[in-house]
Amino acid sequence: MKYHGNKRILVIEDDNHIAEGLKLNLSLQGYDVVIAKDGISGLHEWKEWKPNLVVLDIMLPGIDGLSVLQNIRLEDERIPILILSAKAEAHDKIKGLSCGVDDYLSKPFNLEEFLLRVERLLVRASWVSREEDAAVQTGDLPSGIYKFGDNLIDFEKSTGICRTGKVSLTEQEIKLLKLFITNAGKTLSRRKILEIGWGYTGNVSTRTVDNFVARFRKYFEADSKKPKYFKSIRLVGYVFENDS
Amino acid sequence: MDQSKWFYPIIVFLLSVMALAASLFLYIYWYIRVSSGLKTLVTRFNIEPSVVLESHTWLVIMVLSVLVGIILLGIFTIFMYNLKTYQLYRIQQNFINNFTHELKTPVTSLKLFLETLSKHELSRAEQLKYINYMILDVVRLSDNLGRILDLAGIESNNYQGDFIKTDLVVAVETFCNANEHLFPECRISVHSSSDKHFVYLINTYLFEMLLMNLLTNAVKYNDSKVPKIDISFDLHGNMLHIKFEDNGIGIENIQIKKIFRKFYQVGQYKDMTAKGNGLGLYLVKNIARIHNGKVVAESKGIGKGSVFTLKLPYKEI
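Respectively, the protein sequence lines represent chains X and L.
To convert a position in the first sequence, counted from 1, into our numbering, add 1283.
To convert a position in the second sequence, counted from 1, into our numbering, add 78.
Just so you know, these hints were derived from the structure itself, not from any lab.
These numbers were taken from a predicted model, which means no experiment stands behind them.
Ideal Cβ placement from N, Cα and C applies to all residues, glycine included.
Mixed in with the good hints there might be a few duds.
[As the list claims (entries may be wrong)] Computed Cβ-Cβ distance ranges for the label pairs, DEER-style: (1) 248/L to 1405/X: 51 to 61 Å; (2) 161/L to 1353/X: 50 to 60 Å; (3) 1488/X to 86/L: 32 to 42 Å; (4) 378/L to 1331/X: 33 to 43 Å; (5) 1372/X to 378/L: 34 to 44 Å; (6) 1516/X to 101/L: 51 to 61 Å; (7) 1331/X to 271/L: 50 to 60 Å; (8) 258/L to 1402/X: 40 to 50 Å; (9) 1372/X to 214/L: 44 to 54 Å.
[As the list claims (entries may be wrong)] Mimicking DSS-like on lysine-lysine, the simulated pairs with C-alpha atoms at most 30 Å apart in a straight line are: (10) 1469/X to 1458/X; (11) 1320/X to 306/L; (12) 389/L to 243/L; (13) 382/L to 1320/X.
[Unchecked claim] One side of the interface only, derived from the structure: several residues of chain L facing chain X at Cβ under 7 Å: (14) 177; (15) 185; (16) 191; (17) 210.
Using the sequences and the hints, build the whole thing.
Shown next as structure tokens:
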């Protein structure tokens, strides 16, 4: 489901005062804000409400902020996430950044700085999604026979010939292969693959994408652990490369 | 020192013990072998056994075993000491991390609201609401600072403060009434088994700190819709028992003694189940000591509330 209107920000913060203060200020800037008091309800809101940006505290009751971050990143590499935390040593920041957070502000923070960073993250996110939409080719899909390495895909007959012999490919598999091949060399985020491959339903997990890629690797790669064609780029997505 | 390095001391300990056991076995085995070898030699050459050293086998084995036992004890002691040191480190780390959060959170809130009020024109009602939050934050900060600062004074053996004759029942009642706003949803009741006035020499500041800590705990570690605290005064022989009974989450048996330890918190800093700063009950224990009394905790178990009893030596005047 595509929302229109105000940008949505999810604030995951357990201290009442700070949470309310953040909601007040972000609302006054024109954003729609929802507060979650702990990791579990935070993840729930992220799944249900689909915010455009997440403001995350690290020290949360129950599951901690970094686990929440990792959980979100498993599904969505691109959603902008900003950490707001009392833990501000270099090693804390490094932990957060290596898990894929986009920005890290220590508490106590400057309000103006916080608001500007949030705004910037949202602007960049909108460029990225527009770029992605433009870059991903869905027209001019391959048909007929396509060869890569020792593999061959016959789009007419929905079959593939690979090292394990002949495999018949499902409609979904064909759809995905077409998507990958048309965009060879371009890294696609798992979220994008999901949107295009399954439609904007939002009920399928990006793990399904992982399962399909694993299957492709089993069929078409000599060594699944060292893929030549269906490569994964950490925290970004998948890319299909065919140098021949 | 982190979790992954934790298992090394155990490995070292186990290997040492195994090496020791192996060497003991080898010494004895080798000794018996040589001994019997010598015996055959003696009989072969018909030498008087008394010329060659007497074997005293069992004596030797006993001495060896005793020495090995002592070494074992030594290793074990060092191992236990290592364990305690690591535990203490972890507790202190817990405390520091948690306390940083305790101090930084109200400061963050204050900064946030002050910047907000400076930036936006808000209605008087909204202004008042946020100003109120800020006041609560300052109080929170101030309490934490107070606890740390008092700690040094309270830990010492001669507390410098005035002790005044006070009616304890009145003191407790006054305190509860004055601080009602801090325990909004709670029902606190004070009663005494007799009409007596229990007059005791107390330091008001410390006594109020003790009350504040016990009451805050009763409310903090409480999941009930209506937290209830019942304070009662009873005379047991020549001891006055002031009982603080609550309907909170209770205390496990193994924790009962530990909770009074400095920095000790039930729960882990990592999953944020550790609340507060681990000092509250430690302070309570010391304040009781300063007043020549003691505090004990009792609980029927998790979910069954707790009872904290302050016992003071009381002499009827």
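(request) Check each numbered hint from earlier against the structure, then list the numbers of those it violates in ascending order. (result) Checked against the structure, the hints that fail are numbers 2, 9, 14 and 17, while the rest are satisfied.
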